[in-house]
Structures are given as structure tokens and as C-alpha cells.
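S.K.: Sequence:
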Amino acid sequence: MQPQLYEVEHGNCPYLSERTWVTHSFQLESIPESVYEAMLADGWRRSGTSVYQNHCPGCGCCTPARVPVNQFRPSKSQRRTLRRNADVTVEVVAPAADAESFGLYQRYVRSRHTPAAHGTSADAPDASEAITPEQFDKFLVTSPVHTRAMRYHAENRLVGIGWIDVLPNGLSSVYFAFDPDENCRSLGTYSIMKEIELARDLGKEWLYLGFYVPNSPKMAYKGAFRPREFAVNGAWTRDEGEIVC
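In the working numbering, the protein residues as written are 18 to 262.
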């Protein structure tokens, strides 16, 4: 049976506020990792078991991006971020809806006042409403592919969590949340470097960053990871300059 495709209008775009965010999506309890990885080039992403593609009227700015992990070298600024977080330890575990993880996610989302603070996520809970453990589980714990959680600790406290999908040729960054009190650490940037490191350790070629949106301040940190590739019309190409949309 073919999955049913839904069109949903989500309101204003979280990255370009003057535009409208519309997705086509379908639900799958499981999907082969190789199939899902191939779909990333066509702009498909997942949020829980919902697999979606942006279809925003008059806009095509959300561009799939990936980093070739064996060619990445941190910039001077990124090296400073690594030094700033020298006290952070990282463990890779199965995702879980435990109270500590849920509490960190709640604080992070409420501090951002947006349902999509680290990647356009169609089914992310609305930060303006009370977030339930069930919503958290549906969004970040339940997955149709092999997913792991990277837990970041400093001074015996959980300061960040990143969720990643483990695919045949790469890791796909799903979402990252951090303690708002640790904003000075630049943990979003740090987490991408640790995901690149993990991808290398696992023998993967790519870290898929999700969507990159030019001219969006929220996406500026993604643009700093080079070399990079963008998917245009379903094909990955090496970036030779800034995207215009």
C-alpha cells in the first residue's frame, strides 16, 4: 500500500518570516536507511515517523547540505569553539524519553520560541504551547531509521543533546538542543564538529546538515562548515559560492 501524502500549511517560515511554510508529508513506521539517504538529495527530511518535503509557494530556499567529513578542517573560529568546550564529554546512546533529556529539550525550545530551532522540522511541538513527554517521544525518540543520541556533559551536567540518523554513507543531523544557560559555549557549532568526528570514526563519507537557507541568521553557523555540497534538482554538487534564492 502506498503511503498517503498530506499537504500542510504551517504558517510563517521559521527562517524567512515573510514567507509561508508548506510541506508535503507521509507517515512510515520504518524505511530502509539506503532509501531514506537517497531521498535527502530531493529535499526530504524526517520528523519522527513523518517524512516531509518543503513545498512553499514561490520559494525554494531550503537547500539540502552536506559536509565531506574527511576533507573538513576547522576554521580558526571553530578551533576556538573546540578549546572552549574542552571540558565537555560526549556519549553516544540510544535515544530515550527520560526526564533529564525531556527537561533540557523543554528549556531549549522555550528559550527559542520556535518549533524548529535546529532544522526545519514539520512536526516539532509548538513552543507557545505546553510540550508533553509524548510529543517529545514522537518527535525525537520514535524513528523509522537507525537513530542515536549524542549526549554532551560538562561539570556533571547534561548541557546538550543531538539526535542523528545513522545511514549507509553518512550521518544525518536531525536536531540539537542545549541548555540556554550555556549559550556562550557555541554548542550548536561544537555539536556539528563532534558529529563530523563520529562520522569519520564510523567510516562514513558525509554529515548531512539538513537544510541550509541563505540570508537566514539562524542558518549562518551551517554556512561556516566547508567544504560543503548542496543538492540541486536531486543531484549533489560541490559548493562554489553562496546560494541565491
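Calculated directly from the structure, the hints in this document are not laboratory data. For every residue, glycine included, the Cβ atom is placed at its ideal position computed from N, Cα and C. Each hint should be verified, as a subset may be incorrect.
[Said to hold, decoys possible] The calculated DSSO-like cross-link candidates involving lysine-lysine, where the alpha carbons are at most 27 angstroms apart (straight line), are: (1) K211 - K93; (2) K93 - K235; (3) K93 - K155; (4) K235 - K155; (5) K211 - K221; (6) K211 - K235; (7) K93 - K221.
[Unchecked claim] Per label pair, the in silico range of CB-to-CB distance: (8) L22 - N232: 26 to 36 angstroms; (9) E222 - D198: 28 to 38 angstroms; (10) N232 - Q88: 17 to 27 angstroms; (11) W253 - H163: 15 to 25 angstroms; (12) G75 - A103: 39 to 49 angstroms; (13) G251 - D198: 40 to 50 angstroms; (14) G75 - V110: 38 to 48 angstroms.
S.K.: Decide, hint by hint, whether the structure agrees.
M.R.: Hints and how they fare:
no.	hint	verdict
1	K211 - K93	holds, 16 angstroms
2	K93 - K235	holds, 21 angstroms
3	K93 - K155	violated, 38 angstroms
4	K235 - K155	holds, 25 angstroms
5	K211 - K221	holds, 14 angstroms
6	K211 - K235	holds, 20 angstroms
7	K93 - K221	holds, 25 angstroms
8	L22 - N232: 26 to 36 angstroms	holds, 30 angstroms
9	E222 - D198: 28 to 38 angstroms	holds, 36 angstroms
10	N232 - Q88: 17 to 27 angstroms	holds, 26 angstroms
11	W253 - H163: 15 to 25 angstroms	holds, 22 angstroms
12	G75 - A103: 39 to 49 angstroms	holds, 46 angstroms
13	G251 - D198: 40 to 50 angstroms	holds, 42 angstroms
14	G75 - V110: 38 to 48 angstroms	holds, 42 angstroms
Hint 3 alone, counting from the list given before, is not met by this structure.
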